[in-house]
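Peer 1: So my numbering is basically just the index in the sequence shown, starting at one, shifted up by 10.
Quick caveat, the hints were computed from the structure, so don't treat them as lab data. By construction, the Cβ of each residue, glycine as well, lies at the ideal position given by its N, Cα and C atoms. Among the clues, some could well be false.
[As the list claims (entries may be wrong)] Cβ pair distances, simulated, as ranges: (1) GLN113 x THR65: 24 to 30 Å; (2) ARG94 x HIS23: 42 to 48 Å; (3) LEU43 x GLN112: 32 to 38 Å; (4) GLY50 x PHE18: 15 to 21 Å; (5) ALA39 x ALA70: 26 to 32 Å; (6) ALA39 x PRO74: 40 to 46 Å; (7) THR86 x ASP35: 18 to 24 Å; (8) ALA61 x ARG41: 27 to 33 Å; (9) GLU25 x ALA61: 40 to 46 Å; (10) THR15 x LEU66: 20 to 26 Å.
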Amino acid sequence: MFAFTPEFFQRLHEEDYTLPPFECDYAEALRGLHVHHLQGLSRAAWHALCATLITLHATAYRWPADAAQLVPLLTTRLQTLPLRDPRSTLKALVDELDQVQQQTFFAPS
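Based on the provided sequences and hints, a complete structural model is requested.
Peer 2: Following this line, the structure appears as structure tokens:
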């Protein structure tokens, strides 16, 4: 699964692919690609997803994430994010979890 921004598809249509530099003409290959456009979620929907995101992050990076502490942190972070762009919102929340995880990992014992 890949995530592309709308700008990627705009640039794809604007590129000159008359002389493909690769064995495969990727412009032609991507023409039949089924595209799912991401829709912005409400603040309440993002809040509901925070606990799941924390669990996924903790499992993926094998760290003892405290959801009771982290949900308010992510909820506060959501107040500053443009919810109309789900990709950026998700990335920002994961970045926030990355920072907490690294602080936990590198904290003096």
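Peer 1: If a hint holds in the structure, say so; if it doesn't, say that too.
Peer 2: Hints versus structure:
Distance hint check: the CB atoms of GLN113 and THR65 are about 19 Å apart, inconsistent with the given range 24 to 30 Å. Remark: the range hint 42 to 48 Å for ARG94 to HIS23 is contradicted by a beta-carbon distance near 23 Å. Under the hint 32 to 38 Å, the C-beta atoms of LEU43 and GLN112, about 36 Å apart, fit the expected range. Checked against the hint of 15 to 21 Å, the C-beta distance between GLY50 and PHE18 comes to roughly 18 Å, which is consistent with it.
Checked against the hint of 26 to 32 Å, the C-beta distance between ALA39 and ALA70 comes to roughly 31 Å, which is consistent with it. In this structure the hint that ALA39 and PRO74 lie 40 to 46 Å apart at CB holds, the actual value being about 44 Å. At about 47 Å, the CB distance of THR86 to ASP35 disagrees with the hint of 18 to 24 Å. Checked against the hint of 27 to 33 Å, the pair ALA61 and ARG41 fails, with Cβ atoms roughly 40 Å apart.
Take GLU25 and ALA61: their Cβ atoms lie about 42 Å apart, and the range 40 to 46 Å holds. Between THR15 and LEU66 the Cβ separation comes to about 23 Å, which falls inside the hinted range of 20 to 26 Å.
In this structure, the earlier hints numbered 1, 2, 7, 8 are contradicted, and the remaining ones agree with it.
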